[in-house]
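Undergrad: According to this note's numbering, the stretch in the sequence shown is residues 28 to 320, in order.
It is worth saying that the hints were derived from the structure and are not from the lab. A quick note: this is a predicted structure, and the numbers were derived from the prediction, not measured. There are no misleading hints in this set.
Below, computed lysine-lysine pairings styled on DSS-like, alpha-carbon distance capped at 27 angstroms:
no.: 1; residue 1: K55; residue 2: K76
no.: 2; residue 1: K71; residue 2: K55
no.: 3; residue 1: K157; residue 2: K84
no.: 4; residue 1: K296; residue 2: K253
no.: 5; residue 1: K70; residue 2: K34
Here are the simulated distance ranges between beta carbons:
no.: 6; residue 1: Q320; residue 2: S109; range: 50 to 58 angstroms
no.: 7; residue 1: Q297; residue 2: T268; range: 17 to 25 angstroms
no.: 8; residue 1: D245; residue 2: I312; range: 19 to 27 angstroms
no.: 9; residue 1: S109; residue 2: G196; range: 26 to 34 angstroms
no.: 10; residue 1: E100; residue 2: S286; range: 28 to 36 angstroms
no.: 11; residue 1: K159; residue 2: S286; range: 15 to 23 angstroms
no.: 12; residue 1: D108; residue 2: K76; range: 28 to 36 angstroms
no.: 13; residue 1: S247; residue 2: E100; range: 39 to 47 angstroms
no.: 14; residue 1: Q204; residue 2: I312; range: 34 to 42 angstroms
no.: 15; residue 1: T268; residue 2: Q204; range: 35 to 43 angstroms
no.: 16; residue 1: D108; residue 2: Q263; range: 43 to 51 angstroms
no.: 17; residue 1: S247; residue 2: K159; range: 43 to 51 angstroms
no.: 18; residue 1: K162; residue 2: K252; range: 51 to 59 angstroms
We put the beta carbon where it would ideally sit given N, CA and C, even for glycine.
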Amino acid sequence: MADSNVKVVVITGCSSGIGLDTAVLLAKEKNFKVLATMRNLQKKGDLEKAAAGTLNKTLFIQELDVSKEESIEKFVKATYDSEGRIDVLINNAAIGQHGHFESVTLEQMQSLFQTNVFGTIRITQEVVKKMKERKSGHIIFISSVSGILPFPFFDFYVGSKFAVEGIAGSMAPFLRQYNIFVTNVEPGPVQTPFVRNIRMNNQGGELDAVDVDAGVDDFSGNLRKKFVANYGPTMQETMQTGEDVAQVIKNCICSEKPSLRVQTSDSIKQRAKAALVDPSGDKIIDELEKLLQ
Numbered sequence: 028m029a030d031s032n033v034k035v036v037v038i039t040g041c042s043s044g045i046g047l048d049t050a051v052l053l054a055k056e057k058n059f060k061v062l063a064t065m066r067n068l069q070k071k072g073d074l075e076k077a078a079a080g081t082l083n084k085t086l087f088i089q090e091l092d093v094s095k096e097e098s099i100e101k102f103v104k105a106t107y108d109s110e111g112r113i114d115v116l117i118n119n120a121a122i123g124q125h126g127h128f129e130s131v132t133l134e135q136m137q138s139l140f141q142t143n144v145f146g147t148i149r150i151t152q153e154v155v156k157k158m159k160e161r162k163s164g165h166i167i168f169i170s171s172v173s174g175i176l177p178f179p180f181f182d183f184y185v186g187s188k189f190a191v192e193g194i195a196g197s198m199a200p201f202l203r204q205y206n207i208f209v210t211n212v213e214p215g216p217v218q219t220p221f222v223r224n225i226r227m228n229n230q231g232g233e234l235d236a237v238d239v240d241a242g243v244d245d246f247s248g249n250l251r252k253k254f255v256a257n258y259g260p261t262m263q264e265t266m267q268t269g270e271d272v273a274q275v276i277k278n279c280i281c282s283e284k285p286s287l288r289v290q291t292s293d294s295i296k297q298r299a300k301a302a303l304v305d306p307s308g309d310k311i312i313d314e315l316e317k318l319l320q
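Just need the whole structure built from these sequences, with the hints factored in.
TA: Encoded structure:
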């Protein structure tokens, strides 16, 4: 069983990006025991290298595929058998999507929602049962500013983040009665392999070999190209590293009363503020429309 002075932290999706950086950062602290999970253990090389001296001391790599019920149940049972508790669950595993609304197949939509929504919520359900018994815990969803803001050509990824944000917000007041906190961490653009993987997940091919405008009219294709070109400078200006986001997550875990929403930079906080005080949504849509022109 884990030392009572140490927080047991489970993080999903740790083969790269925010999950990897958060696992490495927390494992450097003596008061955390990090169970860094990933779907495919063949991809653990980068995490093993980054973990260095913390590997198998404060950071332990384990298999977990949140899109599969059997994997979730097996992992949760084994963790409670060995550790006795999970103090913090960081739901980071996710896949992305980029392209035209009408070009995304039902299979692609289902795959995305299976990981980003259903799998994420299923492991949370299993962990919350135990947290309620102990009357203690913290559930963190790695969301996105896209969880409160629309974003053209990322329709279903945005939809999945909106879904989790809504579920998390609905859970939060009830779970506080059990001393369990719920937080949506909302990054903007992050310099990780996730951006590259978005194209591959959606189109099923190598990044440079895929034409995401195939099968749509020229006008639609040109609109997407304009949006990408016009948004590029803003994305570069607001880009964060995975380490930046990991530090925000750590601060959130260490907070006595964590907030429901935590933006990971001042620029993202300003965008969130603008969206949340615009009941009609017109201002945001007008701004996004300009990026298509």
